Structure formats: structure tokens, C-alpha cells
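Construct the entire structure; sequences and hints are all you get.
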Amino acid sequence: MKAIVQIGLKPGVLDPQGRAIARSLTDLGFEEVTAARQGKVIELDIKGEDAASAEQRVNEMCEKLLANTVIESYSVKIES
Amino acid sequence: MKTAVITFPASNCDRDARMALEKVTGRPAQMIWHRESEIPSDVDFVVIPGGFSYGDYLRCGAMAARSPIVKDLVEKANKGLPVAGFCNGFQILTETGLLPGALLMNQGLNFVCKPQKLRITNTNTRYTSGYGSTQEVVYPIAHHEGNYYADDATLNKLEKNGRVLFKYVDNPNGSARDIAGICNEAGNVFGMMPHPERAVDPLHGGTDGLNFFKSIIESI
Amino acid sequence: MAKAIEITPEIVAEHGLTPEEYQIILDRLGRAPNMNELGIFSVMWSEHCSYKSSRRHLGKFLTKGPRVIQGPGENAGVIDIDDGDAIIFKMESHNHPSYIEPYQGAATGVGGIMRDVFTMGARPIALMNALRFGEPTHPKTKTLVSGVVAGIGGYGNCVGVPTVGGETNFHKGYNGNILVNAMCVGLARADKVFYSAAKGVGNPIFYVGSKTGRDGIHGATMASAEFDDDSEEKRPTVQVGDPFTEKLLIEACMELMATDAIIAIQDMGAAGLTSSSVEMADKGGVGIELILDDVPQREDGMTPYEMMLSESQERMLMVIHPGKEQLAFDVFHKWELDVAQIGVTTDTGRLVLNHKGKVVCDIPIAPLADDAPNYDRPHVPTEKREEVKAENIALTDINAALKTMIGSPDLASRRWIWEQYDRHVMADTVDSSQSGGDAAIVRIHGKNKAVAITTDVTPRYCYADPHEGGKQCVAETWRNLTCVGADPIAITDCLNFGNPERPEIMGQFVGCVEGMNEACRALDYPVVSGNVSLYNETNGQAIPPTPAVGGVGLIPDLQHFTTLAGAKEGDALIIIGETTGWIGSSIYLREVGGSEDGAPPPVDLALEKLNGDYVRQLIRNRRVHAAHDCSDGGLLITATEMAMSSGIGVQIDRPSGDFALSGWYFGEDQARYLIAVDENSVNPILSTADGKGIKAARIGTFKGGGMTSNDGLDLALSDIRAIYEAWFPALMES
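Going down the list, the sequences are from chains A, B and C.
To convert, note that position 34 of the first sequence is 34 in our numbering; the numbers rise steadily by one, no gaps.
To convert, note that position 91 of the second sequence is 1091 in our numbering; the numbers rise steadily by one, no gaps.
To convert, note that position 496 of the third sequence is 2496 in our numbering; the numbers rise steadily by one, no gaps.
Rather than coming from a laboratory, the hints here were simulated on the basis of the structure.
None of the values given here were measured: they were computed from a predicted structure.
It is possible that some hints are incorrect.
[As the list claims (entries may be wrong)] DSBU-like mimics (lysine-lysine), calculated; alpha carbons at most 30 angstroms apart, straight line:
| no. | chain 1 | residue 1 | chain 2 | residue 2 |
| --- | --- | --- | --- | --- |
| 1 | C | 2142 | A | 40 |
| 2 | A | 40 | C | 2211 |
| 3 | B | 1167 | B | 1157 |
| 4 | B | 1214 | C | 2447 |
| 5 | B | 1023 | C | 2449 |
| 6 | B | 1071 | B | 1117 |
| 7 | B | 1114 | C | 2449 |
| 8 | A | 64 | B | 1157 |
| 9 | B | 1214 | C | 2449 |
| 10 | B | 1023 | B | 1114 |
| 11 | C | 2447 | B | 1114 |
| 12 | A | 40 | C | 2140 |
| 13 | B | 1157 | B | 1214 |
| 14 | C | 2334 | B | 1076 |
See below:
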């Protein structure tokens, strides 16, 4: 199985990279862009068959290491 | 008086920290490798140095904060052992939860290295008592993720309790309320992005950092 | 598999080999090579590894001197700085990769040059760089600048080696080919220098560092795709740097070097496993047999061809003393690095590669080095230019001229760049870019002495007159070191030129090398290491000839050194050297006069030595508060830089006389220095100079808060500084 973990700054935490991206895009003529947020994606290869328990374990991983919940939120998707 | 410096893979200010501690205590500092499981019980003061522990991959300080030696460090710090983290060391301390908040990427998006003027906002602490009436000091800064963030409630609490020890004059990185250095509630754990350990030598960065080390050493 | 491929003339050409070169291979092997063997010959005989266009000219350089421990031919040069200490240093180009992917190109350039230095047993203590970009207005320039600077900083900052200085130019000649030259300086014990010659037979060969991937396999992409089963797979050609692994590699190598386990060690740089194994074997006069299955690999299904040509970063090859294998394993495991024994040295003189139980390459090593082409490419000298007389170049408004000059691309502040470099880590940086001085000063750890380091070249001079330009770049680094009170010792160089197959380009190369060599000999200032980067051209448009020079000197006692800062209120400003008002090829002529014409200033090497030795003597005698090499932009720019650095203005008292203002203020005569000295020192300094036959004059006084003169100059330092500091941020934020 594969777990796709998406991590981004929480709403309300200033994201200067996202802001720079949005500004560059509007400079390039993509004026419909009003905001951008930058995050990261971590792909994990996981042993086992049980998607539900895998998801629970990956959530634990996020809490313990992958995300800093002071500033970041995360979401987990399991693919078989 | 026994001091120690914890080193992680790709710590790189460990020598700077060791030199500063030796200069102030007159005794060599013990270097503790991250794989060791315990801080020796006779150590009186621990520095977590700057650098790029574990390449700063994932998040600055994230992996170092979960290494075996830091587990023991957190326990001892909670029992009162003085611990100071500079730069990457500050990031590690926030990742462990010993200090509140987190360090985001600099608002200007670039790494920034320069002599930085700081205002001492509380001289009545174990880390700043030696500065007396001194208002401003210059320590070098050198970081990419030094933009201090905490929610308003935390910031209010820090300021109200005198736990903000240093503020930036001309904020170089976007830190909330110009905060440069903070301590924990008990006052034994301190972290800041600037480098007092690089300001102990007239030929290199000035000597404004000497009183920082003298303060904490004398308080022990 | 490889042997199934028939070597066609097309495949030979794709490997960058001429039919004549291929014929030599056939003759030496007595058979057709297989693809692996062809790949190995092609990289060993490439310009990069064999120096086939430049070798015969480089051989003329002065390479020996009383302080030279190791000259060119090893990973880096080694000089003696007394007390058993040695300095190991080199400069190298990473031009093409940096143009393709500026961040990774520059980062891996820094990583590579550091490995060249710590391979020899030195802990890197300082990094420098020499950068050339296209016109500021060129659409790619901004992206390239920000990527290159971030890459240099990202790598050096993380590894924890201070980036202490460098230089950056902008010129349209680099629009299609930027130059990224990185220099590393390391400190070793003179009796613990490690070399690359593999000695002895039956000794284990160790591979250490990152795993091998398909990075940077260049040139023969089509050929390699043909003999790969999985042909749709796209291969990255951009190497990605991992400073974290580099840092671990440094620490691990330092730890193993402290034992007696290592016989020989070599960085796997360009052409990776091929050049490192061949060079080690060739220098030691032995053969090498490798089991490629044991090479740590990042990807599945890598072929021998790919493994031998990969340029994956952060890898080293070592020959270990038999019986010390476990020690080596233990050290590298402690630092969590990949390590494997991948072969042994043999007495066959051949390079034998095994893969999946078969011999996939078996060639004699000697021809790879000995028979490498060594061309005498035709070269025509650059035509001499007419002089431009300062009398014909107007200076109508001195205030406007100074503002234009100080805010021009080549003179404006580089703060935007150097604030992104950690200049202080390791706690021994005494002076760096921060002061704007001529040379960086890095203390020898725990001692009261320091090395001075500088990089310099003036491409517009080299373009106008390669021979004079070649002399000038060496002389300027010598002056830079002198300005901080150092004894200049030796140089490294990075010779960046266009296509050597064009006689006019080869003429530039030969002219510059001969000029450089003349200066090296006149100044007792040998070349101990270097690198050549040719074919820097796009659509027939070559870069200006750019032989970047990195100079290293010794400050024997840190009680006696100067920087650009340090002038005191009331100090006198003295110029050492003669001002004739040479305006040809000057920045003034370009920025204010709108012309790049004219012969460059001639370099009188005897005068350089005479004037420089005197300035150094004055510094050692503590007569000098601040010193600055008078070069780009001329006298007024030099004085203004000293004023900004000390925070004290200068009142200039221009002597009366019959000369053109433009030439006096902005001419670029060589062998000149400005020094700030105590009022009481003025007369003794001038009279001693007179006795030595040195031209010297008092031209002003440090006082007030502005640049003023007896002929109309009147600008506040704060206004000048604002213009000086504004240019770079404005470029990057535009």
C-alpha cells in the first residue's frame, strides 16, 4: 500500500513562499490567482493489507514526526 | 562547573559553542554524540548548537528533537537542568516542546547572515543578569528558518511573564513581535536564533556574547 | 547488453571522439572496444579530464616555490604555512550545470571543490567564489543569480564552512554562458597530506559516500538508451547535491585519516568512478579490478556503462591497507554512510570490470592517460588596441559621475549576495565580504596567524589584451593579499574560455596563460592547482576570456593586518603608485562614456613588486590604518569604498597639474594602493617612498560625513551608500 501524506501550514500561519508564488503568477498574467499555499507531499510505502489500520498508523506518524502541529496541518490518503 | 555540547549529524556550530564555553568556564566542554542515551549526571549546563541536524530534512530540528539523547535531555531539563539552544538548537527546542512556538522560513525567503542588533527586554533572568543596564547587544545571525511564530495567546503569555529575553531591532526575518530569544516558564531553558557563541572574540564577531554565558554559568 | 552494440562512427562521434582518436583506441586494444570501454576512453580523453587543448600551455606555468608542497596534478595544491601547518586549495568551474539548473549546479560545484580539498586530508576552512552573469536586463539573469547564490549558500551553509568572499560581474558576453567558479581552502598538517596514487598489489578498494544513480551521465544519451532494456526511461543529467551527506563524509574521512588505514584516496568527481579509478591506478602504476555488482546503487538495473559514467555526488574511492578493512567499515558505519569494498589493486596494469559474473571491460590503463590527445591548436593573437586618451574623455559633473559609478552593476554593493552566505561558522573568520575588503582573512584555528584569500580577474582587460589581462589578474590578487598585510604565497586558477578550436579563442587562451605566467614568475607566486573550462559559448558567441585567479597568502602574526575599514578621523589619504590617467577599458569609459574601447592599463610587474612590498612593509610596521587596492573604478571609487567602510568621509585635495579629470579620478592605472595613515606618518612614508623610487602622494584627509574635494565634489556618504546599496535589491525585486 501507499500512503500519501499532505502537509501544509495551518490557515492563519503566514506562508511567505505561497505569497511569492501567488505574486509571480499574477505577474505572469494569471490574474485569477488570489492566493497560494505551499506544502509538501510525503509518499510512504507500507506493508500490510488493512487500509484502516494503516491510516491510523500514518496519522500517528504525522503527530509524532511528519507534521509540526504547532504550525502545520496534514491529511492522509491510503492507496492500494 | 561542567558544560556539554550535544552534536548531531551535521551540527556545525558545535566548535563555536565549545570554544565559547571553554573561554568562559576555563574548562573544556564535553561533546555528546546524538546516539548516546544519557547526559552525564555531573553536567551543569548543556548547549544545543546550530547547524543543519540531519540535513534539516523534513523540518529544521524535527529529527534531532526525536533522537535518543534529546529524550533524556527533555527529562533533565524538566527537572531544572539549564539548556540553551542557538539557531538550529532553538529550532530543536521548539520541536521538543520545551519551548513554545515554531520557526518558519524567513519572511524575505532568503538565508540571512549579518551582525544583528538586539534589545535585551528582561535582564532579570539567569541568561541575561550579567548585562546589568545594557540595553542593546550585537550577535551574528545566520539562518533561513528563523521567523518565530506562536499564536497570540502564547505570545501574550510569554511577554506578560517576562519570558521574552531578547527582541530584534530591525526585525530581519519576520518574527512575531520582533521576538529573538525566549525561555521556558522555569527560566532554565533558553532558545534564540542569533549566535551569542559567535560573539566572544574581538577578532570574530565582537564580545557582546560573553555576558550571556557568564550570566548562566554564574547562576549555577 | 553492452557487447551486443556495434560501435558505429555515429556512436564514436556521440562520445565526443574524433575518428583519429578512435583509431588510436583500436590500435592500442588491437580490437574494437565494447560500449563500456568506449565510454571510459571517451571520458578520460574528454577535454575536462585530459586537458587536450590546454595541457601543453599549462606546462609552462611556474609551479614550484619554497612553500609549495604539492603543485598541479593532485586533487588540489598544497602550500606550507609554517609550524607544520599546510593549506590545501583549489578553484573549479561548474559553469554549464549552473546554467541548466542554477541551484543544483552551483551547489554541486561547491560540494565538488570541497571534496577535492578534504580528500587530501584538509578540513575545509573557507569557501570563495567567482561569478559572471549576463546583462542585468537579460531575461534569464535574475533567475540565474538567485539560483546560483541560493545554491552556493545552501550547500556551504549546511556543511558548515564559511563562504568568506568572492566577486560577481555582469556583462552581455555571459548572456548565454554564465560562469560559476568555486574555490575551497582547507587546513591540514603538512605531514598528514593524502595523495591519490594507489600503491601495492592486492590492496582493497573501498567505495564510500552516497549511492550511485544515473545522475549526470552525459554525452552519449542516445547510445546509452540503445543498450538499455528500458529505453523510455528518462535519465536525469542534473546532479543533485546532498550537503548533509557531504558533511558526514568530511567528518568520517577526517576520522579515518587520523588512523593509518588509508593508502590513497580520490574524490569521484566528473566522470565519477572511471576517472577516479583510472587516475589512482595510473599514478600508482598498478592495475585495478572492480566488481561492479558491489557498487552501492540507488536505482535498479544499472548497467556497467551507467555506473562507470555516473556523476552522482558525495562519493569517494579509497585504497585501504590490508587488515584495516574493519576499521574503515566501523568509521563509515558510525557516520551512517554507504560503504563497500568493490575491488582490489592488481599487478596487471589493466582496468578490469566484472558485472554479473562476466568481464565487461578489460583495457590497459596506461593509454588512457599516456595516449590522451595533446593538441597544439592553432592560435592567433588578439589584435592590439589603440590607446584611449583621457584628454578626450570628458568629466563634466564629478558628483553625477560618482553616483553613476557607485550604482553601476560591477561596482554596486554585493550585500544581497553575501548576506545569504554564513561567513562566520567555525568561529575563525576575521574579515569577510562584510567589510568589502580586498581579501578575506581566516584565522588558523587556535593560533595567532591567518590565511588571506582572494579571487580576481578583470575580463574586460583580458578581452582587450589577453597578455596584459593575464598579467593583471595575477597581479591584482597579489595586491589584494598585500592590502591585508599578507605575504602572497600561491594561486589556483580557473581558466574559462570559448571554443579552443577557433584560433582567435585559442589565441586568447595562450595570451592569458603567458601573461599570467609572466606575472607568477615576476612575483614568485606559483600556480599550485587549477581547472580549465572551455567551450563556454553559445551560437558562436564566446564568453570574454575569464581566467579567474584565487590567491592565498599568509598573515604570520594577527597583530599586523589591515582591512578596508579602520581609517580614523583626521587620517591622511595617501596613494602609492603612479597615476597617469589610463582610461581605456575602464569602468568609467563604459558606464559614463558608453564605450568599451581602448587598450587596458599596462602592468609593470617590477613596479607591482616594488610598490606592493613597500605597502606590506608599512602594514607590518603598523603605519597603516586601512589599505585598499586601487583597481576597478579608479581612485575615487577606491577612496569612496574606504570612506563607506570606515564611516568617515574623505576630503580630496587634487594636486594641481595638467591632466584630465576623468583619468585622475577614474583611470585604472595598475600597481596602486590607497592607504589611510596617521598625520604624523605622512612625511616619513613619502620620503621613504621617494628613496625607493616609488611614486607616492598625499591626496586627501579622512574627515566629515561626505566625499568632498577642492574641485566641486560634494556628496554625503549616506546618499552615496543609499545608491551603492540600492542597485542589487532593485535588480532582484524588479
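Checklist entry - Taking only the CA atoms, is the gap from residue 1157 of chain B to residue 1214 of chain B under or equal to 30 angstroms? => result Satisfied, since the Cα-Cα distance of roughly 27 angstroms is no more than 30 angstroms.
Checklist entry - Taking 30 angstroms as the top limit, are the C-alpha atoms of residue 1214 of chain B and residue 2447 of chain C close enough? => result holds (24 angstroms)
Checklist entry - CA of residue 1167 of chain B to CA of residue 1157 of chain B, is that 30 angstroms or under? => result holds (16 angstroms)
Checklist entry - Does residue 2142 of chain C pair with residue 40 of chain A here, judged by a C-alpha cut-off of 30 angstroms? => result holds (26 angstroms)
Checklist entry - Keeping to a limit of 30 angstroms between CA atoms, is the pair of residue 1114 of chain B and residue 2449 of chain C held or broken? => result holds (24 angstroms)
Item to check | Proposed proximity, residue 2449 of chain C with residue 1214 of chain B (alpha carbon, max 30 angstroms) | outcome: holds (28 angstroms)
Checklist entry - Are the Cα positions of residue 1023 of chain B and residue 1114 of chain B separated by 30 angstroms at most? => result holds (23 angstroms)
Checklist entry - Regarding the pair residue 40 of chain A and residue 2140 of chain C, is the alpha-carbon distance no greater than 30 angstroms? => result Distance ~27 angstroms between residue 40 of chain A and residue 2140 of chain C Cα, so the pair holds.
Checklist entry - Would the pair residue 64 of chain A and residue 1157 of chain B pass a check requiring their Cα atoms to be no farther apart than 30 angstroms? => result holds (26 angstroms)
Item to check | Satisfaction of hint between residue 1114 of chain B and residue 2447 of chain C, Cα-Cα up to 30 angstroms | outcome: Holds, because 25 angstroms separates the two Cα atoms, which is no more than 30 angstroms.
Checklist entry - If you draw a straight line from the CA of residue 1071 of chain B to the CA of residue 1117 of chain B, is it 30 angstroms or shorter? => result violated (34 angstroms)
Item to check | Hint consistency between residue 2334 of chain C and residue 1076 of chain B [alpha-carbon to alpha-carbon, up to 30 angstroms] | outcome: holds (26 angstroms)
Checked against the numbered hints above, the structure breaks only hint 6 and satisfies the rest.
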